[in-house]
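Trainee: Assemble chain B onto chain A, guided by the hints.
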Amino acid sequence: MRVKLSLIALCLAMVAMLAACGGEAEKKAEEKAAPAETAKLVLGVAGAHSGDLASYGLPSVNAAKLAAAKINAAGGVNGAMVEVVAQDDQCKPELATNAATKMLSDGVKIVLGHICSGATKAALPIYLDGKIVVMSPSATNPPLTQSGEYPNFFRTIAPDDAQAALEVDFAKSLGLKKAAIIHDKGDYGKGFASFCKQFIDADADIEAVLFEGVTPGAVDYSAVVQKIKGSGADCVIFGGYHPEASKIVTGMRKKGLEIPFLSDDGVKDDTFIKVAGKYAEGVYATGPKDFSSNAIYQEAVAAHKAEFNADPGPFFPEAYSAALALLNAVQVAGSTDYDAVMNALRTSYVDTAVGKIKFDAKGDAEGVGFSVYQVKDGKYAEVK
Amino acid sequence: MDYFLELFLGGLTRGSIYALIALGYTMVYGIIELINFAHGEIYMIGAFTGLIVAGLLTMLGFPGISILAIAVVCAIIWAAAYGYTIEKVAYKPLRGAQRLSPLISAIGMSIFLQNYVMLSQTSDFLPFPELIPEFGFMEGLGSIMSSSELVIILATVAACIGLTLFIKFTKLGKAMRATAQNRKMAMLVGINVDMVISATFVIGSSLAAVGGVLIASHIGQINYFIGFIAGIKAFTAAVLGGIGSIPGAMLGALVLGLTEAFATGYVSSDYEDVFAFCLLVLILIFRPSGIMGKEKTQKV
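Top to bottom, those sequences are chains A and B.
Following the numbering used here, the numbering of the first sequence begins with 4 at its first residue and continues without gaps.
Following the numbering used here, the numbering of the second sequence begins with -6 at its first residue and continues without gaps.
Honestly, the hints are just simulated from the structure, not real lab data.
The reader is advised that the hints may include incorrect statements.
[Unchecked claim] A few chain A residues facing chain B, derived, Cβ under 7 Å: (1) G220; (2) V222; (3) D223; (4) A226; (5) V227; (6) Q229; (7) G233; (8) S234; (9) K250; (10) T253; (11) K257; (12) K277; (13) V278; (14) K281.
[Unchecked claim] Residues from chain B that face chain A, not an exhaustive set, calculated with beta carbons under 7 Å: (15) L0; (16) F1; (17) S116; (18) P120; (19) D187; (20) Q214; (21) G258.
Think of the CB as a built atom: it goes at the ideal place given N, C-alpha and C, for glycine as much as any other residue.
In isolation and in its complexed conformation, chain A is listed as follows (with noise of 0.2 Å):
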């Protein structure tokens, strides 16, 4: 017994000691390499580069490499060099301040990321201590910008409540009245219905005058539809994704009711259009604004297609735009200074893929945001 308990402490100082000389084995190569460099600029990015969300994050890091490599190749950031230094969260909360507390260790001053919500509110405070700047490209939760508790968060796309802003004011430019709102009781959609019954119960011109989750799934709908009769009704606010979507659009005009309908960006999908069929036409959704055909979004992708052979992911235009943004506000700052970037970020136009943008006040990106689209013909197509 003795014997094996000593082999296997044998056998365990054996790999330690292994895993200790290859870590300085290492370094040591990292230390020859380093001395060539001449000033570098580093640009961090944070997110979900494993796990199951891994598909939201990696964009992000090949769209800061992208970017990374066209201003080096037109001189890099005042003389510097930009190097992209990635640090994983998973979108996990506790993963995220472990990567904050990195990147402030490491001495960077700008951080591309985090990807999701609940990872980017956890890093904020050790960002904020740290006086480093922070862009997300995905972010949408409204408080991170609203509260004002982060004047060093800024984001490339539209917080949720915008789009919910958008569509109650696009219910009342149609002289609608009464809206009844219905969502899928996910967090999703009933986030969006939240908002829209908030604003709209901030607003005298219109009423909400019914508030309901149907279940996704459930056999049908005849009964939420004929409450929506019942409650009087002149328009329907979806929150929510299309196949519930299609199901009460299909149930109502069925029952003869052809109050518009108005739904989010989980709905503007042409999957709706398919399985709606008929009963789409004429259907709203807002949906983000179309960057296909903003040239700086075209020369990204087909960079992105050049480099990695592939196809862009999710959130890879925001992503570009916010690594464009912030090199560009270093470069007009002059330097790293955290005042001065902020200031450049909240003062100067930038070109990014997402359009000439500038940030507010709050760190939302001014001009990036939602469009109306209405069904027509089969398609989606933006109400001018």
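Mentor: Relative to chain A, chain B alone:
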């Protein structure tokens, strides 16, 4: 009053669908005391068969109403074939095993069929054509009830009456009742029990397939997952009415459908499932064997 009537008819429609599926659960349980969790998938397969056949016939230019009839018949045949095969593959080899084994086998079958359809078809939602045409004479009623709802309710009533008569008056029905009462005894008096069990699966699957095609045509979309929730609800209905009892399954399904409709209409659709399952719990507390279920003396 109109509002009440509308909710009532909506609940009736939903209850009818539950009834068509619940009959399969309750018959199988009545005969071999197995809860066939793959039954919801049979309903889904029926709907998919209907979709494929309807698409094919539309392409060949068949007239409207004949498409419905042929699609229903094909769905019945195909789903019945599936029901028969499932019983032979997943349950028959386990007939002598303890009760938990076939139950697990049923759950496995359900997951297998879901994934099989997902892989062979698609995981997307698919549009389902409106097979049930609008009736001219319904125009005045159109705001209260659509033609597809009427067809669903009538089809369910017809299926229930037909099934009851079948079980009461045919030789096979008699054999089914005998097997349900005591399988060993039935075997001893010369009833081909295997055949009876297969017949039960075939009949239950056919009813579910009819429900699948009708409801898919009513709501206009299907995907591989529709059988899961419909199956759970129908199973609840069967338990509510007293599992093993055919009139119980029909009553339980109607009670469940109406409860959901009224809970949505007068309280909120948020609480649709809450009310449905509260009702189940209450009934099971006060009548453990369900509304129409018989108290059974435990065999010792």
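Trainee: Give a verdict on every hint.
Mentor: Here's how the hints hold up against the structure:
1. G220: holds, 4 Å
2. V222: holds, 6 Å
3. D223: holds, 5 Å
4. A226: A226 of chain A check passes; min Cβ-Cβ to chain B is 4 Å, inside 7 Å.
5. V227: Hint holds; V227 of chain A Cβ to chain B Cβ min 5 Å, cut 7 Å.
6. Q229: holds, 5 Å
7. G233: holds, 5 Å
8. S234: Hint violated; S234 of chain A Cβ to chain B Cβ min 10 Å, cut 7 Å.
9. K250: holds, 5 Å
10. T253: At about 5 Å, which falls below the 7 Å cut-off, the nearest Cβ of chain B leaves the hint on T253 of chain A intact, so it holds.
11. K257: holds, 5 Å
12. K277: Nearest chain B Cβ about 6 Å off; hint holds.
13. V278: Interface hint status for V278 of chain A: holds (5 Å vs cutoff 7 Å).
14. K281: The hint is violated - K281 of chain A has no Cβ within 7 Å of chain B, the shortest such distance being about 9 Å.
15. L0: At about 6 Å, which falls below the 7 Å cut-off, the nearest Cβ of chain A leaves the hint on L0 of chain B intact, so it holds.
16. F1: Constraint on F1 of chain B not satisfied, violated at 10 Å.
17. S116: violated, 11 Å
18. P120: With Cβ-Cβ at 5 Å, under 7 Å, it holds.
19. D187: Violated. Min distance 34 Å.
20. Q214: Q214 of chain B check passes; min Cβ-Cβ to chain A is 5 Å, inside 7 Å.
21. G258: With a minimum Cβ separation of about 5 Å from chain A (threshold 7 Å), the hint on G258 of chain B holds.
Of the numbered hints given earlier, the model fails hints 8, 14, 16, 17 and 19; all others are met.
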